[in-house]
Structures are given as structure tokens and as C-alpha cells.
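If you read the protein sequences in the order shown, they are chains E and B.
Sequential numbering from 0 applies to the first sequence in numbering that gives the first Met the number 0.
Sequential numbering from 0 applies to the second sequence in numbering that gives the first Met the number 0.
No lab work stands behind these hints: they were computed from the structure.
One thing to keep in mind: the hints can contain errors.
Dumping the calculated BS3-like pairs for lysine-lysine here, alpha-carbon to alpha-carbon at most 30 Å [said to hold, decoys possible]:
1. 411/E - 434/B
2. 307/E - 470/E
3. 55/B - 435/E
4. 230/E - 55/B
5. 481/B - 183/B
6. 470/E - 308/E
7. 411/E - 246/B
8. 246/B - 470/E
9. 431/E - 183/B
10. 434/B - 263/B
11. 472/B - 230/E
12. 340/B - 411/E
13. 435/E - 246/B
14. 435/E - 58/B
15. 472/B - 333/E
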Amino acid sequence: MSKLSKSIPCIAVAIAVYAFYAFAYGATLQYGEQYQLFQSTTGYFLGLLTRPGGLAMYSGRFLTQFFIAPQIGAIFISILSTGVFACVLRLPNSGRYSCQIAFLVALLSACILLNRQMLLNGLVSISIGCLILLSINSIKSDKLVAALLPVIVFATYWIAGGIPAAFVVGYVLCDFFMTKKDKSLLVSSLLSVLVVVASPFVARQLFGVQLNATRAFLGADYSRYVIFLPKLPIAIGSLLAFLPIVNKLLNSKVLQKSDNPSSRFSVSSVIPWVLAVFVVIAVFASNVDFNTNRNCAIEYNVRTQNWKKATELADNKYQTDNITTSYINLALAKTNRLGDKMFSFKQIGALGLIPDFETDSDVSMALSEIYYHLGGINFAERFAFEAAKANPDYQESVRAVKRLAETNIIKKNYPLARKYLAMLENTAFYAKWAQKCRRAIDSNRTDENAEWTRLRSFQNDNDYFYAEKEKDAMLLDKFSTNQNNRQAFEYLMAFYLLNKDIEHFMQYAEFGGRFYSITYPRAFREAAIFHLRMTNPEAVKDFGTADRLMLDQFYEFGKIYNTNHHDSRLAARFGDTYWFYLFNE
Amino acid sequence: MRNYIIIILLSTLCTACTERVDVSATTDTLPPVTPDYESVTVPVNIAPLNIMAINKAEKIDVTVCSSDGNEVLHSQSVQATSFSIAEWHCLLAENIGKSIIYKVAIKENGRWTQYKPFEIFVSPDSIDYGLVYRLIAPSYETFSSMGIYERNLSNFDQRAIVENNLLQNNCVNCHSFCQWKTDKMSLHVRGTHGCTMILTDNRLQVYNTRTDSTRGNCVYPSWHPNGRHIAYSVNETRQIFHSANPKRIEVIDRWSDVVVLDTKTNTLSSSPNLMSKDNFETFPYFSPDGKWLYFCSARAVDMDTAPQSVRYNLCRIAFDSESGTFGHQPDTLVNASSIGKSVSFPRPSPDGSFVAYTLSDYGQFSIWHPESDVWLLNLSDGTTHRIDNLNSGDVDSYHSWSSSGRWMVVSSRRENGLFTQPFIAHIDTCGNATKAFRLPLRSPADFDEMFYSFNVPEFITEPIRLNVRDLEKKVEKHDLQKITFK
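Model the full assembly from the supplied sequences, consistent with the hints where possible.
Quick look at the structure:
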């Protein structure tokens, strides 16, 4: 194979991986970034280095910081995938299909991150393993390899985890059987197999690592859900372990026989390409989730307070969950469009406004975000803490810690805020913000921050206990505490509307008059018209022109609805009205 | 192994060049350093008291002098001091009953400022071998990584006894020892593989402590000095969350009883006075002679509607360890409810002269109450007093006596209002405390970087010898020993 024909797939891998993660799937990377807090401290480094797979985890987490900007984060994914390609390509005895195999392994490795719960540690760990494998194969003396192999394997286990250690040994052992090598290598390989098997026990017994046997073997955490086995990394590891056998099979005469000597077209080189592309596509298709990526994008824009962008990303074609719906509603409220536009988006009930608490970092973080902007600072602090602790891989969350710092600044609990800020000051991308906050605290200028000052004024003085089943009472309390809290009022109204509780909606609707100079928001007026039409038909006679128009629309809606509940014209003409939600959802 | 790596790396860092201190200014104020060790009393065998500048400084230079003025220890660093452990112990040994003096200079903006020196008094009373605590984030409902750790108080060695990573991420809590020795130990595992581990004479067993007659699992253990009986409370606990500053969480018991486990017969026993329907009984603790069982008792209220109205008194009831029976009438030693206060965590001193307890405004889980302070009941005359030097303006709650009774450790939130840290104070024979000092760490900055509270600090006189693999197997197998109620 010419150098050029090898370079093209390599460049294709690099560009494809970069372009995909930078421009099509970046929000998934940003999702992962928020759930770690990489600290550039000696303690953080040593804490990871003293556990198996620690260096891979440290490197993975270091690089994950850059996922905050997917265009930069994707460079690292691309470099690692291309590195895997280059290592596999250079492995000896891979025959004429080395390029196809390298292409397959590299893209499968890049596919690990398609699932937003997977960590970069997996790709880093496979890359380290491939590099070590290449290094072993570059040693020319079999005897030297035999002598060093058990040590190298244990070192691989300690820095990158059990999967790379296993595929390094597997490869050497398979290679021994496929090519006639020094017998000492067989003994050493078998000894190394024992090292792989024994490593978790050594880590647990001698080094005091307190992980169960499976996690002690894996070493590095591949997924945020550490209890699940990482199937794709294991599959890639298995492929690498048996690579010499795979090569032998591909290079067998069976495939070559299919070539027609008279044709320039080589079937034997195309079939492996087709197979490799097919496997990559199959794995890609079963792991990619653009809907979830879109939800991640909405979440990211809410997190960074790009409210308009968050609602622009919302698409009623997709099924949304409580969290995403609540983020969309929050974004609408923050742009004073909740009352006007909420039914232009798919609504799934009051849980889509304020979800119920679950011990899950996504739900907790959403609740923290909602209560923060409502001015429920104690609850925002609580849910940020719950989010930090619900992180299934036990990492701290930079987003949660930032919110904890903010809530304690607003509460003027400065010593505690300083503790959180100290943690953020050890990060690469949040240090500046933390230093700015610290300076504001030190110089007693936190009142100059408009958001903090406004949220301080929304804090309630009367103490009560959080009641999940009485969210409306809590919203009412927030509005009663400070009647300038427009978001609390609109959330209260929206809560009643989404619960189809029009009696309570009407009871409190009049208190929001101060927020609307001309007229109430559309959804509120639609609900009021429905209520008045049902309870006091005489009252509608006094309506002004705008309300008369809306009343006519309501009559039109009623006419169609009474004829056929499922008439497609209802969704087409009234899909964004409260009446449609009231009668159809 | 982990510790050796840390030592090697830190030693390397500490070999940076030492700069000559050309003092540009001297001030009569105390140095802005943390922790605050000014005028504290320390045991002769305590680990070095390293300090660091509160504000980011270019350098900190500290010289520690003996009482006769000789400069003995010196440390200059960018962040925190790092005294040699061996030299530190020599210094303390030579100054027993006297003071050592810290002279601190801090370099900021290229100028050295020499601050007013401060003294630390070296008590002849030594402290126990170590401290055992749980490291856990001060969580609300969700918890993540946690573990029980042993810390050697003469140096900085911290060893994990058990971490929840090993036990299906279940919660581990309520570590307890018999008479400060570690051959008898009790520990709870809470969650899907919940159980109570009891280590007696190096034999480890896991129990299901729920019986048909008790409504829940046993918690809050206290070993009888005979090593055979363990008192527990049985509680239905839940958390509720405040909406307004400064409190965050209330941990309430909807009901609670006190029981005693006989580890020889695997039976639980109690008394009508400890399982009353009209009262909540909790936090049992045996007296050092084993003749009394101290506990907290409150008149039962509806905790769903009035959780802030429950107030506990300090009581005790006689206990006969031979027959495993209780006295007929409990004594009320501190009637806190009559003054609108509530008692929790009674801990009798090793010589039986005092009972230390936490006093707060209401409820039993004073750990979340900023007003909580440690008080002392003098059993000889019935007087009580707040242990002034031990307490602070924030939470001072869970406390333990050292085996000699001369030292007390308290979990305190005084530094930031949330993350508890152990503070240790000397207690004299009259029950007076000296100013408490924060548990020394290799680098004081470690506290800022960690997301953990030091929970339930307990002194021990020897290292723990728990076979954690044995515990892992038994918890995983979940083959629990049953107990019956007598």
C-alpha cells in the first residue's frame, strides 16, 4: 500500500471525527463537561494517580475541560482517534488490510463518545494501550520483550486500566501463535495473563484500592454510570487483542481468490473496506442520538443564559422530557414570553414547568436552575448540591459548584462561597469568574451585580419546608414576598394552567396586572375567556376589540371541537392555544 | 503506598530555594494565617501545626521558637508551612508544660511584613493514637462517595477503613468502638445491602437488626464497657428542607426507641421507659462503669405538623449488665425542654464526673442547627455550663472524649457554616476547656479543596484491624444474622 493510500483514510478519520463532534454533536460534549471539576492541584493529581487507570482518567478529565468549546474539544477527540489509527496501522504483521482495520478501530473508538454518559477516559485509555502495544512491537529482541512484558502489562494496568492491559497481552499472545517467535515470549505472555488477572487483587490487597473487583479491573471509569460494563471499549479491546488472528484470516488465500486477475478492480481490498464501513455505520447508528444532543444544546443555552437560542432550538416534532420542557419554559419566562408563547411549544403538564425531584443530576440541576431564577435561593442551593452528589461517577460538577458559590454569595454566606470559589479558582475556564467573584466579596461590592441584587430581593423571610406536592403554594409565597417577582407570578399562573386548574388561575390572575401595560399575555387571556364564557356569559359582552377577536377564535375552536374532537384543523389552527392544550393534551 | 508518593512529591516541592527575609515592615497585629492556632493548647504528641496565609501571598516564612527563645523550626514556602514531623516532636517534647512561639513573616507585593508572634501551649497530657471519622459531603438527600477513615494524630497518615465504593455504594455510618479500643467495633451499612457490622474480638458478623417487635433498624450505637452489650436507638428518620436562611435541613425522627443488643445471645431488650409511646427516646450512651444508660427523651409530638416543637431532655436509667435488665424509673438530669431547649448526643466523661451534651433550640439532629453548642453537666453537683472555649458562633455538635478524658473533639462548622471540621480542646478536671484547635493537616489548603465534612469523630487508642475484604464478601452475600427481641 502506498503512503498516500494510507494517509487518505488517516486524514479522513481526523476530519470526519473533528467535523462531527465540532459541528454536529458538540452539545453532547458540553453536557459531559459540566459534570466534572478538574482541579490543577497536587491533591487532585495524586488522588487519581494512586488508583488503577488513574493517568488515563487524569488525562481524560484534563481534556474534557475543553469540551466547553466543542470546536476545541473535538480537536482532542480527533487527535486521539487519529493516534489510534496511526498506532494500529503501524502494528507489524497486519498484512494488506492494516489500513481498513486501523480505520475501523479508530472510528469505533471515536464512537465511544456518542453516548453522552460515556467519558473521554475510554478513548484515552485505548489510545494509551495502542501506544504501548506499538512500543512493544518496536522492540526487536523477543527476549527483551519477554523480560519486560509482565512489568509493562502491570504498568499499563496502572496507568490506563484493565482493558488496555488485557488487549496488550492478548495481542502479544495471539501474535506468538500466528508468527513463530521466541518461546520465552510464550512463557512471558502467559505470565502476563496472570498479571492481568491478578492486578485487581494486587490493587485491592497491596495498594488498598477500595473498588469492587470489576471496577478494580477496569481501573479507569469509562462511563458516568460506573456500575455498567463499557461494552464498546470492551469490544474494541477484544478486536485489538485478537488482531493478529483477524489479520491472518483476512490475509488468507480465500479472500485473495475472489480477485479476478484480469480486472483492475480488487474485490479483496474492497470487501474489507465495505465491512469496516458497515460496522462503523452500524455502531454509529446504534449509538448516535441527535434528539438527546438537541436537548443537551437547550440545556447548555439555559446554563449560559442564552435564552432566545434555547427556545429557537426547541422543536415540537421531537418528544421532549420533563427536564427539556422545563428548560424551554424557563427560557420563555426569562424573556417574558411564557404567557404568550408557552403553548407554542409542546407542554406535558406541570412537571414540565417544575419537575419532581429525583436523585439524578440532570433533574436536580434543572430544579436548581428554576429555583435560582425564581429567587428560591435555599432550594437552588439544595438542588445544586443534590446535582453535585447525584453524579454517578462521584465527580464534583463544575456547574453545580458554580451555582453553590452564587447562591452563597446571594445569601451573603461569604466564607462558604469562598470555599467553592477556591475550588473553581483551580480550574482552567472558571478561574477568572471565580476570581472576579472573590474580588467582589473582598471589596464588599456584591451589590453591584444586578442579578445577585435582584435575586436577593426575591428571597423570602418567612421560613417553611419544601413541599413537592405544594409547588403552587411555594410559588405563591415567592410572589407574595416580592410582588415585583414577575417570573414567580407567571410560573404560578402557568402551573395552574398546565394543571388545568382554572379556578385558582382566575383567583390570582388579577395580581399580575402591574406586569402588563397593555394586555395580559395570550395564554392567560385564552384561559380567562374560556372561564368567563363558561361561568359568566354576560361578562363577555363588555369585551374590547382584541378580546372580541379572541372570543371569536374560541367560538370557532368550540365549533370544530364539538363537531369532531379529532379534527385535524384543531391542531393546525389552534395547536398553539391554551384551549387546545385544555381539551386535547 | 499512596502516602509515600505524596511525601516524596511534597518533599521535592519543599526543596525550593529559601529566600532571605528582609523585613520591610513590622506590625503589632496577629498574622493573617489559617488555621487559627493562636494561644491554643496542644497535646505533646500532636502532628505539626502547619499554617498558611489566608490571602494569596508570595511567600510565608515561619520560625518556631522554644520557650527559651531558641529558633528550632523554620519553614518558608509559597503556600503553607511544612514542618518536619520528627523535629516537631522533638520541639514539643522539650517544651512540655511550656509554650512554643510562632514568628510569622508574609511577603506580599515584594515586601516582607513581620507580624506579632503568637504562642502555643504544650500540654503534658498526650492524646490518643488516632481519630476515626467519616468523610462525607454535607449532603441533603443524595449522597455519593464516602468512607470511614482512621487518622494518626501524631502525623498526617490517613487510612481508609472502608469506602462505600466497595459496598455497592451503600451509605456507611455510625462507627463505634468499645472503650476506645478497636477489637470491638460496630458499623452500619445503609441501602440495598443494608446491615449492621459488629466486630468482636476480631470476629466479624453482619446483622439484620430489625425485628418484629422493633419498627426499624438499630442506629446510634454505644458499647457497654463489658464489650458484650451495645445500646442502639431505633428511629424512623426523615429530612425536610428549609426555605429561608440560615438553616438548610431538619432531620427529624417521627418516633424513636432505645434498645440494647446482647451480642452473645443475639437478642434485643428494652424497657417500657425506653420504648414509650408517649415519648421519643434516642442517643443512648453507657456510663463508663456500665451502670447507667444515658439517653435523650422528648414528649412525642406530631412531627409532620410541628417538627420545631419537639425538645429532648437528658435522662438516664440504671442498667444491670449481668441480667441485661433496666431500672424502673429514669432520672431527668437536664430538663432542657423547660427552658425551651433540646439536648442531643450525651457523652459521659471517662472518669464519670461529667456528661457532655449538645444543646440546641429544638429537635435532636443538632448538626444542622447553627445555635448548637456543647455543654457539660457536672454529675457531682448537677450544675451545667457551656464549654466556652470549645464552642463557636456556628454549629458545634458531635463531640467525643479522649480515653484520658483530657481532650475533647467536636464537629464544628465554625469556618464556613457547612463543612464540619474536627476541633480539639483540652478539658481540665473542673471541666474547663482551652481554646480549640483545628485538626492539623499536612497542608491547611486541603480543607479548601475537599468537598467533605469530617463526620462523627471518635478517638481510638490503637489502629483498626478490620478485614475489609471479609466485610465486602459478607455485605455482598447479604447473609445476615438475625436477632430476636426478648
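Cross-check of the supplied hints:
no.: 1; hint: 411/E - 434/B; in the structure: 27 Å, holds
no.: 2; hint: 307/E - 470/E; in the structure: 26 Å, holds
no.: 3; hint: 55/B - 435/E; in the structure: 14 Å, holds
no.: 4; hint: 230/E - 55/B; in the structure: 47 Å, violated
no.: 5; hint: 481/B - 183/B; in the structure: 19 Å, holds
no.: 6; hint: 470/E - 308/E; in the structure: 28 Å, holds
no.: 7; hint: 411/E - 246/B; in the structure: 14 Å, holds
no.: 8; hint: 246/B - 470/E; in the structure: 20 Å, holds
no.: 9; hint: 431/E - 183/B; in the structure: 51 Å, violated
no.: 10; hint: 434/B - 263/B; in the structure: 43 Å, violated
no.: 11; hint: 472/B - 230/E; in the structure: 26 Å, holds
no.: 12; hint: 340/B - 411/E; in the structure: 28 Å, holds
no.: 13; hint: 435/E - 246/B; in the structure: 28 Å, holds
no.: 14; hint: 435/E - 58/B; in the structure: 23 Å, holds
no.: 15; hint: 472/B - 333/E; in the structure: 53 Å, violated
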